[in-house]
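Please build the complex by placing chain F on the supplied structure of chain H, with the hints as guidance.
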Amino acid sequence: MTEKLVVVGNGMAPGRALEKLFEMAPGKYDVTIFNAEPRTNYDRILLSPVLSGEKTYEDIVIHGDAWYQEHGVTLHKGRKVNAIDRLTKTVTAEDGTTAQYDKLLIATGSVPFIVPVPGKDLAGVLTYRDLDDVEAMLVAAEQGGSAVVIGGGLLGLEAAAGLAMRGMDVTVLHLMPTLMERQLDTTAGNLLKRAIEARGIKVITKANTKEILGTAPNGAPPRVRAILLDDGTEIPANIVVMAAGIRPSAGLAKEAGIETNRGIVVNDRMVTSDPDIYAVGECVEFDGNVYGLVAPLYEQAGIAAKGLAGEDTKGFVDKALATKLKVTGVDLYSAGDFAEGEDREEIVLRDATNGLYKRLILQDNKVIGVVMFGDTSDSGWFFQLIKDGTDISEMRDTLIFGPAYAGGAALDPTAAVAALPDDAEICGCNGVCKGTIVNAIGAKNLTSLDDVRAHTKASASCGTCTGLVEQLLTLTLGDSYNPNAVKPMCGCTDLSHGDVRRLIVAKELKTIPDLMQELEWKSSGGCAKCRPALNYYLLSTWPGEYVDDGQSRFINERVHANIQKDGTYSVVPRMWGGVTTPDELRAIADVADKFKIPTVKCTGGQRIDLLGVKKEDLPAVWSDLNAAGMVSGHAYAKGLRTVKTCVGTDWCRFGTQDSTGLGIKLEKFLWGSWTPAKVKLAVSGCPRNCAEATCKDIGVICVDSGYEIHFAGAAGLDIKGTELLCHVKTEEEAIEVIGALTQLYREQGHYLERIYKWRARVGMESIQATVVEDLPRRKELYEAFVYSQKFSQKDPWAERAKDHVDAHEFAPIADLTSMEAAE
Amino acid sequence: MTMDTVWLDVGAVDDIPSQSARIVKTQKGCIALFRTADDKVFALNDRCPHKGGPLSQGIVHGTSVTCPLHNMVFSLETGDALGPDEARVATFAVKVENGRIMLDASSFASRKDAA
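Residue numbers (the numbering used here), protein chains in the order written: chain H, 1 to 823; chain F, 1 to 115.
Next comes chain F alone, as it looks inside the complex:
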């Protein structure tokens, strides 16, 4: 990544109910923002590498999410599939400041800059 981080305020932590997810629409597809029971926020590509299931619709448990289509489980921290499956979902840098969610938009903004 040569791009510098571009922090973008995409909403408040409280806009996401505990143990669930909301999506951010981008031109590159949807990004799922997850909020865990202890109010940590994670950002993952909203597409299961198995069959394209929307991970934002899955059940959030601990720091994992279970895909709603075929129950593949992913770590929200690393994007890696857990259990015997081998797969990975892209993750995006995200941080919480004063209750606001800051998402690193460099990866999807850079594409547009290039375009």
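Next comes chain H alone, as it looks inside the complex:
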């Protein structure tokens, strides 16, 4: 019978526990999760890169909604449990939601420690624990100004670095004489202080905060304005971030009568004083210790999962922990015990000029602690020596220089990794050891970092072990692994996208079968990765000559509509420049009624999306839209999508040019063209930029003196503002430059490479030199584009609705649903 497992909390520890549980005992439990945060499980270690802008929230999601669905988990987002009734085995959330359990897993995590000073509740005083905190900091950072971070530990320094990268003026206050004093000795703390200051962050140690000062309350609620230290120093602050430590969040368990101390007390199997209740993560206390780093939390998760699955397991033991600071450009590592003592010796290597510091703490000929600053590449080896308790008397003379010298003669750098035993932990986040990775590389023929991530999870969380994993790849695969090697298009060839494009021209290859023959494709008929790319390359290289191969196109481009999750399609008619008419809107409404289209929605590109159209209805839907003068919007194409506009001089009192008119002209000029990846444009009538042109592939900003042409923006997986290509005086010139730019991209871009990525690969200079400075070349590109457009500006909807092109796509070959009669 299925038992009920209720999980309180949805952080990394319970996420990992469930993952393990579903692997070991799928279907054993019916799982319900209560998450106080309104979202799924994400990688909290990586909040710092999100804050600094090096990653986005999407990058750090561990389990998306699909994962919960797949495992039949009921996830209550944004519902905080406030009571556990152990008699009736029920938990109740603040909003009254209840759930019964057979087993309960408490993972309530921790709460930030709020320094108890006057003003701690003012608006603008933030903490740093979850994504909401990061978002609050980002909002504040957008306003600029000053930020004060209280706490010079791991979290505080990462928050400070992130805020500084976001352009704020940051001061870190630390109560103790040196930064990160729990993980570093004084020397390393001072080196760290210098490295942090070199990033423009002020550091004040021995800083005792007396009060947080607010603005004078004249109407508006008071906000933080400054921090007052007890020596009278006043530091202006638009925001204050409290990062002075965390406390296990054990209140819920305590009220339920479960044994708690600093945290929820658990035994080595993660069971609390109630045998049906487990606890894992930052909320637990084991043997007097509480934990805040991910490695032991993941270990706890694995143990709890085994217990829940009914399997016996090794108990949890308190082990040496390693710390690594995730501030880009600061290499810092510490592990073990490094306090000074009578019976302890140390070996120190110092190179002040190069900012290098390494210190080993020895006891009874064993390494018990290590602190490294500036170069942490041997950290894994030293950590292993600590964990194994290796006797180092034989290699003591060269020990500090790392594994490369441990054998006497110097070895190559990969030898450091080669020297590690199989059970050496490579990925601390996911608990993956060297042997597991090496075996997976061999057994599953893994050849790239991504392969290793997919199969073992090593290097898939915080990524700090990426270098080690790459060394393991080198070690296992030898010279056949080259991290900088040009990537082949796909498994069907060793040639890169660039090679193939070049060879198509050089060898005048004009069909896919010829190309595969000539370039010695390894598979018969290619694959779903290379075929669409080849089709595009041939189409763009030989306009008017190459016959488009529909079967090499992704379904959306083959049937000119977007496939949806349920196999229906969405239909988006073109609305030139985002301008429509009552007649067009009536026709759209009529179509939606006639074909019972369930959803009608505005798109981000200033047009209307009809969602949930059955495939067999597509030609009839198009026919009706065609009759009202509308054509395909190519919302499915690796081609021109939309040209957004603002109302410009037609209506706007600030407009400097006819932005709507130029947008429509551009869309009429560019529509139908196939490009390496989708292309979106916008034209704004003045620098207020209401059409949001500066995050588009190509954007035009109208100014009084003419037109600024921008390009290489992105607002999807990556967010990037455009770069200015050039300034022109007339509409004609703007259209010529944009035509030439598009053509250059069509000729040079790799399939699925957006304009901003192409620009990053080939460089701004070469693009500017070609389409701005070299006028004959610009003209040539423009004309090549105009020529290829002769073959591409046919409405694909009309071809299918009226001329029955590809009719086989829209009808079954046979309908046997009434087969009773036939039998």
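Watch out, some of these pointers could steer you wrong.
As the list claims (entries may be wrong) - BS3-like mimics (lysine-lysine), calculated; alpha carbons at most 25 Å apart, straight line: (1) H:Lys594 x F:Lys25; (2) F:Lys51 x H:Lys28; (3) F:Lys51 x H:Lys529.
Stated by the list, open to error - To list a few chain F residues with every Cβ distance to chain H over 12 Å, as calculated: (4) Thr5; (5) Thr78; (6) Arg88; (7) Ala90; (8) Thr91; (9) Ala93; (10) Lys95; (11) Glu97; (12) Asn98.
Rather than coming from a laboratory, the hints here were simulated on the basis of the structure.
Think of the CB as a built atom: it goes at the ideal place given N, C-alpha and C, for glycine as much as any other residue.
Here is chain F on its own, set in the frame of chain H:
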């Protein structure tokens, strides 16, 4: 399977363009008929076991098809997922005679006989 094979003519090979698929609608759901570049015909359940994607809409390459929703690849010959994924799609017996496609209808006909 206790049922005898019931061969049913569902159309001509040439009704399916090379390297593509058409569907046969049945009361049990759709069956996808695939034609490869060398004119072999295969029949698979038109539903990806991952998220229910219509496999007939995928790109056909060699004797494989790539699901249009999330790119899982299946062998047309065995219905097995290729690569690191483990999944299987039901296959149906099918043969080509004189350019006509004969599909074994026993599995979906038997259900109706029983009903």
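Is the hinted pair H:Lys594 and F:Lys25 satisfied, with a Cα-Cα distance of at most 25 Å? holds (24 Å)
Is the Cβ of F:Asn98 farther than 12 Å from every Cβ of chain H? At roughly 17 Å from the nearest Cβ of chain H, F:Asn98 sits farther out than 12 Å, so the non-interface label holds.
With a cut-off of 25 Å on the C-alpha distance, tell me whether F:Lys51 and H:Lys529 pass. Given that 25 Å is the threshold and the Cα spacing comes to 20 Å, the pair holds.
Least C-beta distance between F:Lys95 and chain H, which was stated to exceed 12 Å: Per Cβ check, F:Lys95 is outside 12 Å of chain H; nearest 15 Å; holds.
Does the claim that F:Thr78 lies off the interface hold, with its Cβ farther than 12 Å from every Cβ of chain H? holds (17 Å)
The output says F:Arg88 does not contact chain H. Does that hold with a beta carbon cutoff of 12 Å? holds (17 Å)
Taking only the CA atoms, is the gap from F:Lys51 to H:Lys28 under or equal to 25 Å? The hint holds at about 23 Å.
Over 12 Å to the closest beta carbon of chain H is the bar; see if F:Ala93 clears it. holds (15 Å)
Taking C-beta pairs only, is F:Glu97 more than 12 Å away from all of chain H? holds (16 Å)
Any Cβ of chain H at or closer than 12 Å to F:Ala90, or is the non-interface label fine? Check passes; 16 Å lies beyond 12 Å.
F:Thr5: least C-beta distance to chain H exceeds 12 Å? F:Thr5 is indeed farther than 12 Å from all Cβ atoms of chain H, at 14 Å.
Beyond 12 Å from every chain H Cβ - status for F:Thr91: Holds: least Cβ distance 17 Å, greater than 12 Å.
When each numbered hint is compared with the structure, no violation occurs for any of them.
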